[in-house]
Amino acid sequence: MTKETEYAIQVEKLTKRYGDLLAVNEISFTVRKGEVFALLGPNGAGKTTTVEIIDTIRTPTSGKVTLLGMDVTKKKHDIVRRIGVLPQGFSSFDRITVRETLQYYSRLFCCVNIDIDALIELVNLKDKTKEQYKNLSGGLKQRLGIAIALVNDPEVVFLDEPTTGLDPRARREVWEVLLGLKKKGKTVFLTTHYMEEAELLADTVAIISKGKIIAMGSPEELIENNTNYLVLTLQSVDEKTFEIVRKMGFDPVLDNHKDIKTRVEHTDDVQKILSAIKEAGALYLGLDVRKPNLEEVFLKLTGEALRDGPVGEEGAE
Amino acid sequence: MKPRVIGANLIVKLMSVYREKTAMFFTLAFPIILILVFGTIFMSQDNVAFHLCVQDLDQTDSSARSIKTLKSSGKFKITKVDPAVNAARYVRDNGVNLVLVIPKGFERSLMRSMMLSDADASVTITYIYDPSSSSVSTKMDILNAVFAGINQQMSGKPPVIRSAQKSILTKKYRFIEFFIPGIIAMAVMTLSLFGTVNLNTELRQKGIIRKLSTTPITRTEWILSDILYQFILAVISTMAMLLVSYAVFHVKLHLDAWLPAFILLDVFAFVGIGMILTRFVKEAQSAASAANAISFPIMFLSGSFFPIELMPGFLQKFAKTLPLYYVNEGLRASMVFEDNMAALRYSAVIGVFAAVVFILGIIATKWEEG
Chain A
2 MTKETEYAIQ VEKLTKRYGD LLAVNEISFT VRKGEVFALL GPNGAGKTTT VEIIDTIRTP
62 TSGKVTLLGM DVTKKKHDIV RRIGVLPQGF SSFDRITVRE TLQYYSRLFC CVNIDIDALI
122 ELVNLKDKTK EQYKNLSGGL KQRLGIAIAL VNDPEVVFLD EPTTGLDPRA RREVWEVLLG
182 LKKKGKTVFL TTHYMEEAEL LADTVAIISK GKIIAMGSPE ELIENNTNYL VLTLQSVDEK
242 TFEIVRKMGF DPVLDNHKDI KTRVEHTDDV QKILSAIKEA GALYLGLDVR KPNLEEVFLK
302 LTGEALRDGP VGEEGAE
Chain B
25 MKPRVIGANL IVKLMSVYRE KTAMFFTLAF PIILILVFGT IFMSQDNVAF HLCVQDLDQT
85 DSSARSIKTL KSSGKFKITK VDPAVNAARY VRDNGVNLVL VIPKGFERSL MRSMMLSDAD
145 ASVTITYIYD PSSSSVSTKM DILNAVFAGI NQQMSGKPPV IRSAQKSILT KKYRFIEFFI
205 PGIIAMAVMT LSLFGTVNLN TELRQKGIIR KLSTTPITRT EWILSDILYQ FILAVISTMA
265 MLLVSYAVFH VKLHLDAWLP AFILLDVFAF VGIGMILTRF VKEAQSAASA ANAISFPIMF
325 LSGSFFPIEL MPGFLQKFAK TLPLYYVNEG LRASMVFEDN MAALRYSAVI GVFAAVVFIL
385 GIIATKWEEG
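Residue numbers (our numbering), protein chains in the order written: chain A, 2 to 318; chain B, 25 to 394.
FYI, nobody ran anything at the bench for these hints, they're computed from the structure. Warning: the hint list may mix true and false statements.
What the hints assert, rightly or not - Simulated coverage check for chain B against chain A, where a stretch passes if three residues somewhere in it have a Cβ under 8 Å from a Cβ of chain A:
id	region
1	34-41
2	223-233
3	362-374
Unchecked claim - Negatives, chain A to chain B, calculated, CB over 12 Å:
id	residue
4	Lys65
5	Val113
6	Gly146
7	Asn153
8	Trp176
9	Ile224
10	Arg264
11	Arg291
We treat Cβ as the ideally placed atom computed from N, Cα and C, and that holds for glycine.
Isolated chain A (complex conformation) (with noise of 0.2 Å):
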């Protein structure tokens, strides 16, 4: 299999400046035909920026991208009829109905036999076929992005912060479609700053800071490679189980919840906090032991955290 064949994008020694802001720095990466890719890292770290180079909207300052084969600085024009793409803080035109938007679409990529009711239905919004943009809410917008992406029927669909801004539930209902994609085999390059939807949909995930690629790999390749820890939960604790905890000379954090969370390094060292405070009469509500998330490797890696503020806030990349 040749890389053409294997790789639907390939980027070598990618930079893009602004004036003096260096905000991609020479990376590298691949992303295998039929993979959902997840470019992982928190606002400002470089992720719209480079996905907008890859997928023909920003030009780079050095660097090449390959994307079906083709070099994005030079085959635009054939490479949008091969991509689908939802850009970041995606908007269609407001008066115009849900059906109408997808009809619209089709015919600028001249697609005659595409099936609009389907790609309504792989969305889940039958019920808003008639509704204008203007009156859906965040996720219906999201979703119907979502379908105007697929309406040529993209061999890549690129998916920028495709959830950003969304309440859980719309969120989860975004990621329901997103699975179908993947399980239709599309090829997915999704950026991303929640560590749970990289966690649930990439195949391969790059966390990106500062413009620099600092991992990349499986989920669970990335936390075996870069944590030897486990995280312990103490839910509903009181100050005395704190104060055991710390004098134990584990690092415990408390939240607003009253839960603590510890790393310990071996189930055995579980053990023993339970029995010292067992011995010392202290409390807790329940407890859970669990491997560390993609957005503890994170914090491991660059010593930030992924989300600067709550969720929903969204800041320029």
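On the provided structure of chain A, position chain B as indicated by the hints.
For chain B alone, kept in the frame of chain A given last:
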């Protein structure tokens, strides 16, 4: 270039404007309001009659006859001022700009002058006026002309120089008929320029242009769909303006194929300018200001509202560099003078201009971001 793509854009834009009733209403209403306001002003100018206050201090048959002569000239509506009041105070207190004072001894001086041919017996009628009023000098010029006529008649000699009026037009036109083509040209310019700048900056701000850049639509297809869309709106607007003009002012204008041709050229030129402007204006708010900054000088300097002959020489030269001047003159050539050769000349100038800005508009329109 794919007609299907142009058609798809056209349909979306037309549906959007059709469903936004308020925008649609004001698009049509603005030029109609202009026609009604200016039409009413100019219609009354065709039969203008100034308000004139007269204070008759003589109170004789001769002074009464003179007032009657002024009245019968058709240029004045007379208000008599009490001989007992101070004329200057009357001007200040009553907000009038001129009081004509017929002096005491008017009849006696007149008789002496006529009967005895006494040159020193001429009588002086005084204008007490407010120099800050803009129309007072026109009023005094008309009064002088009326009195010159009376003097000439009373001298009993035939005038040495006579004048005769001969219009170059076969029909007699009123000012409103010269005015309507200018308003059509101006309304189409405003519609195209503001429509293009507002729509495109809004779509860019909302990210729709960014989305469109990931589809096969080309810049040429996008601009052509915009031109077609603006042309349809311009035709609807022009029809509404003409209907109102015919119904309210009973205008008589010659309508032929030049009208849609000039509307199309007007749209081409100003959609092109709008596209160039959109490149440099980022926000929808500043877009409206930029469009205003361009359209207002063009509107007033290119002869839409008044003939450019009223302007200083250098402004007249400048006016002839403005695209709207050629649309105005072209429309007047076809709708008023019925002069096809002149219309052809003006259409050639605006046609070349429209082609250049259309190409520049395509170059300036940017899909990709830096």
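Hint check:
Coverage of the region 34-41 of chain B by chain A holds. Counting CB-CB distances below 8 Å, 4 residues qualify, and the rule asks for three or more. With 3 residues bearing a CB less than 8 Å from a CB of chain A, the region 223-233 of chain B meets the requirement of three and the coverage assertion stands. As drawn, the region 362-374 of chain B meets chain A at 0 residues by the rule of a beta-carbon pair under 8 Å; below three, the given contact is violated. Once the 12 Å rule is applied to beta carbons, Lys65(A) is consistent with being away from chain B; the minimum gap is 17 Å.
Interface exclusion of Val113(A) from chain B breaks down, the closest Cβ pair being 9 Å apart, not more than 12 Å. At roughly 8 Å from the closest C-beta of chain B, the C-beta of Gly146(A) falls inside 12 Å, breaking its exclusion from the interface. Separation of Asn153(A) from chain B is inadequate, the least Cβ-Cβ distance of about 8 Å not exceeding the 12 Å criterion. Chain B leaves Trp176(A) outside its interface by the beta-carbon criterion, the shortest separation being 22 Å against a cut-off of 12 Å.
The claim that Ile224(A) is not at the interface with chain B holds, since no C-beta of that chain comes within 12 Å of its own (minimum 34 Å). Its beta-carbon lying about 42 Å from the closest one in chain B, Arg264(A) satisfies the requirement of being farther than 12 Å from that chain. With a cut of 12 Å on Cβ distances, Arg291(A) stays outside the contact zone with chain B, its closest approach being about 39 Å.
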